[in-house]
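Based on these hints, arrange chain P on the given structure of chain D.
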Amino acid sequence: MTTIPSASAARRRFGLFLAPVVLLLLWLASGAFVPSRLGQRSMQLQGLVTTFLGIFIEALPFLLAGVAASIAIQRWVTSDLLSKIVGRSSIGGAVRGSLLGLLFPVCECGAIPASRRLLRKGAPVPLGIAFALAAPVVNPIVLLSTMVAFDDWRWAAGRVGLTILIAVLVALIVGAGIRRESLLAPAALLPSQGDDEHNGEQHDDHGHVHDSQCRHSPAPANSWRSLLAQGAVEFFEMSQYLILGGLLAATMQTFLPQSLLLNLTAEGSLGLFGPLAGVLVLMAVAVLLSVCSTIDAFLALAFLGLFHPGAVMAFLVFGPMIDIKSTLMLTSTFRKGAIVAMVVLAAQFSLLAGLAVYVLMR
Amino acid sequence: MLRRLYPRNLPASAIVGTLGIMFVLKALSGGLALYIHPRYTTLVLICGLLLVVAGLLLLALPPLPLSGPMLVLPAIVLVLALLVPARPLGANLVPNKGLAPGGSNALIARWQAERPSDTRVWTLLEWTAAIRQQGAASLVGKPVSLKGFIYRDETLGPDEVYVARYVVTCCTADGTALSLRVKAPGAASFSTDQWVQVDGVFALVEIDGQQIPRVDGTLTPIETPRSPYLYP
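Heads up: the sequence lines are chains D and P, in that order.
Under my numbering, read the first sequence as residues 1 to 362, first letter to last.
Under my numbering, read the second sequence as residues 1 to 232, first letter to last.
No lab work stands behind these hints, which were simulated from the structure alone.
Since this is a predicted model, take the numbers as computed values, not measurements.
Be a bit skeptical, because a hint or two may be false.
Unchecked claim - Over 10 Å on every C-beta distance to chain D, these chain P residues come out as not near it, computed from the model:
{"#": "1", "residue": "28"}
{"#": "2", "residue": "38"}
{"#": "3", "residue": "50"}
{"#": "4", "residue": "114"}
{"#": "5", "residue": "174"}
{"#": "6", "residue": "189"}
{"#": "7", "residue": "198"}
{"#": "8", "residue": "204"}
{"#": "9", "residue": "206"}
{"#": "10", "residue": "224"}
{"#": "11", "residue": "225"}
{"#": "12", "residue": "226"}
As the list claims (entries may be wrong) - Label pairs and their calculated CB-CB ranges:
{"#": "13", "chain 1": "D", "residue 1": "13", "chain 2": "P", "residue 2": "194", "range": "40 to 48 Å"}
{"#": "14", "chain 1": "D", "residue 1": "38", "chain 2": "P", "residue 2": "206", "range": "38 to 46 Å"}
{"#": "15", "chain 1": "P", "residue 1": "14", "chain 2": "D", "residue 2": "10", "range": "26 to 34 Å"}
{"#": "16", "chain 1": "D", "residue 1": "178", "chain 2": "P", "residue 2": "155", "range": "51 to 59 Å"}
{"#": "17", "chain 1": "D", "residue 1": "87", "chain 2": "P", "residue 2": "50", "range": "31 to 39 Å"}
{"#": "18", "chain 1": "D", "residue 1": "19", "chain 2": "P", "residue 2": "206", "range": "23 to 31 Å"}
{"#": "19", "chain 1": "D", "residue 1": "37", "chain 2": "P", "residue 2": "194", "range": "19 to 27 Å"}
{"#": "20", "chain 1": "D", "residue 1": "20", "chain 2": "P", "residue 2": "78", "range": "30 to 38 Å"}
{"#": "21", "chain 1": "D", "residue 1": "153", "chain 2": "P", "residue 2": "62", "range": "29 to 37 Å"}
{"#": "22", "chain 1": "D", "residue 1": "348", "chain 2": "P", "residue 2": "155", "range": "40 to 48 Å"}
{"#": "23", "chain 1": "D", "residue 1": "39", "chain 2": "P", "residue 2": "21", "range": "26 to 34 Å"}
{"#": "24", "chain 1": "P", "residue 1": "118", "chain 2": "D", "residue 2": "20", "range": "50 to 58 Å"}
{"#": "25", "chain 1": "P", "residue 1": "62", "chain 2": "D", "residue 2": "173", "range": "40 to 48 Å"}
Stated by the list, open to error - Now the stretches of chain D that chain P is said to cover, found in silico as 3 or more residues with beta-carbon under 8 Å:
{"#": "26", "region": "38 to 48"}
{"#": "27", "region": "233 to 239"}
{"#": "28", "region": "245 to 255"}
For each residue, glycine too, the CB sits at the ideal point set by N, CA and C.
So that you can see chain D by itself, here it is in the shape it has in the complex (with noise of 0.2 Å):
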């Protein structure tokens, strides 16, 4: 979030350079003014806005929703009583982040600052990913959703299951043993003075772990103005990752055709690599669409008769995990390294998952 002067003039230049294609972008799809020969261009890209803002307002009450997740943690989970609930193990603290969502109802939206507060906090790294990773999947919402879509207790079992063996996985091969700071994005790693410096606030962390301290504070008025600040800067901060994914995952479902990939597969000419095929082409399908866990489940049954379960099965559990808004999202917690390694570890399992999935389904 601090800004070094060099960045921040590179920044500057690539905007001067963005800004008459957007501002080109724009007129055409404004449609004022447009040739009649653009014309199509111009609804192309009208439609495009459309599939954008119907993500955003979708999405947007789910990220305040995290954030107020965010901010309750802030306020209420104090680094000791957390350390006592999770302790500091690597593995314990992997499995119960991937459990976390049992209590924290938030989709991949509000999954990530939650995970982020929580790491301030001193959680072990691994429960951060792991969080992050299965919050998304592993909650009454979703698990509800999943149900009543497939009308099978054993799907929403199967794919709750998968999501935390892979979660742990993922997050004890990614997070332990290994130094927070190479780990974490700097916005993430404790003491985080980072935002109350910024505020000229003299409130940080520290106020929070002596929460008695905190309730006799001479100046209550402080918690929540300082509470409210670290919540708008965490909301504007979420926003443009979900602005930038939700844009790319609309443009990608503008003029990349759905039924392209999914004729891949349709045409059984793959032979073998027909089962392999089916769940790279579903997984694939998942990141594309970035749409909420909430309701993917529905999307997911349309594919059953063209997919072999366990491709479906892979969508399930690897879209929440890993698509466009939260991969940018993630950048906001961990160190680039970590997250490929996060992106990378999630494919490679929920491959496997789906091909075990289409083993046993056979």
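Coordinates of chain P only, in the frame set by chain D:
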């Protein structure tokens, strides 16, 4: 105190507040129907009101450490919402978002549990479900009266068009296009994306050796409905 209020948080406050107002207006005006399922209207309304309140509260806070992109991106969203006319998903996306022919029966079963016996009140959703579930042959001769927009591909014969409509489960990102082939006099004169009322009779015709469902009847141009999608 006043010096702390101004001007550092003014842009952030304006953006959050305007987003909130946009959400509230869209929720109250029914404009949300172009973007998301109506069951989320209350959620969006509450979210909008919270944003308006948050926008006002931001003014009372010390300057926030916000970077340029954090402010520019939400501002772009507002510009898009203001400047770009909302266009319901249309014909150009049908090839990308058409219902997969092979196997969406489970999805349709979720969408459509029961159908009224009078086929004249059926939408494309009921028709698609009925064709999939009870077979097209049992529907031949039934009266059809439905709305949709014109869509074309290269397989159509003279005086034939597709009339299509999107089903949205959650938001426009998951829109799935349903369509029926329609043969009507003067069909060629309707432009693609024009909304029409179809009145006719359900039929099965043989095209390239395959039995294809088709509605034989008339097309009447209509205004784009305020709620252009079907929400199961």
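Cross-check of the supplied hints:
1. Against the 10 Å criterion, residue 28 of chain P stays outside the reach of chain D, whose nearest CB is about 14 Å from its own CB.
2. The beta carbon of residue 38 of chain P is kept farther than 10 Å from every beta carbon of chain D, the shortest such distance being approximately 12 Å.
3. With a cut of 10 Å on Cβ distances, residue 50 of chain P falls inside the contact zone with chain D, its closest approach being about 6 Å.
4. Even its closest Cβ contact with chain D, about 16 Å, leaves residue 114 of chain P beyond 10 Å, as expected for a residue assigned away from the interface.
5. The Cβ of residue 174 of chain P does not lie farther than 10 Å from every Cβ of chain D; its closest approach is about 5 Å, which violates its non-interface assignment.
6. At roughly 19 Å, the least C-beta separation between residue 189 of chain P and chain D is larger than 10 Å, which holds for a residue marked as non-interface.
7. Listed as outside the interface, residue 198 of chain P is consistent with that label: its C-beta sits roughly 23 Å from the nearest C-beta of chain D, beyond the 10 Å cut-off.
8. Distance check on residue 204 of chain P: its Cβ is at least 22 Å (rounded) from any Cβ of chain D, clearing the 10 Å threshold; non-interface status holds.
9. Interface exclusion of residue 206 of chain P from chain D stands, the closest Cβ pair being 24 Å apart, more than 10 Å.
10. The claim that residue 224 of chain P lies off the interface holds: its Cβ sits roughly 13 Å from the closest Cβ of chain D, which is beyond the 10 Å cut-off.
11. The claim that residue 225 of chain P is not at the interface with chain D holds, since no C-beta of that chain comes within 10 Å of its own (minimum 15 Å).
12. With a least CB separation of 15 Å from chain D, residue 226 of chain P remains clear of the 10 Å interface cut-off, as annotated.
13. Checked against the hint of 40 to 48 Å, the pair residue 13 of chain D and residue 194 of chain P passes, with Cβ atoms roughly 46 Å apart.
14. Between residue 38 of chain D and residue 206 of chain P the beta carbon distance is about 41 Å. The supplied range of 38 to 46 Å therefore holds.
15. A C-beta distance of roughly 27 Å is found between residue 14 of chain P and residue 10 of chain D, which places it inside the suggested range of 26 to 34 Å.
16. For the pair residue 178 of chain D and residue 155 of chain P, the supplied restraint of 51 to 59 Å holds, since their beta-carbon distance comes to about 57 Å.
17. Look at residue 87 of chain D against residue 50 of chain P: about 36 Å separates their beta carbons, and that is inside 31 to 39 Å.
18. The hinted window of 23 to 31 Å between residue 19 of chain D and residue 206 of chain P is violated, with their beta carbons roughly 57 Å apart.
19. Under the hint 19 to 27 Å, the C-beta atoms of residue 37 of chain D and residue 194 of chain P, about 20 Å apart, fit the expected range.
20. Roughly 20 Å separates the CB atoms of residue 20 of chain D and residue 78 of chain P, a value that falls outside the hinted 30 to 38 Å.
21. Restraint check, residue 153 of chain D to residue 62 of chain P: a C-beta distance of roughly 51 Å breaks the suggested window 29 to 37 Å.
22. A C-beta distance of roughly 41 Å is found between residue 348 of chain D and residue 155 of chain P, which places it inside the suggested range of 40 to 48 Å.
23. About 31 Å separates the C-beta atoms of residue 39 of chain D and residue 21 of chain P, a value consistent with the hinted range of 26 to 34 Å.
24. One distance hint, 50 to 58 Å for the beta-carbon pair residue 118 of chain P and residue 20 of chain D, holds here, with the actual separation near 57 Å.
25. The hint said 40 to 48 Å for the Cβ distance between residue 62 of chain P and residue 173 of chain D, and at roughly 42 Å that hint holds.
26. With 6 residues carrying a beta carbon less than 8 Å from a beta carbon of chain P, the region 38 to 48 of chain D meets the three-residue requirement, and the given coverage holds.
27. Remark: the region 233 to 239 of chain D is confirmed as covered by chain P, as 5 of its residues place a Cβ nearer than 8 Å to a Cβ of that chain, reaching the required three.
28. Figure legend: the region 245 to 255 of chain D, annotated as covered by chain P; annotation consistent (4 residues with Cβ-Cβ distances under 8 Å, at least 3 required).
Checked against the numbered hints listed earlier, the structure breaks hints 3, 5, 18, 20, 21; every other hint is satisfied.
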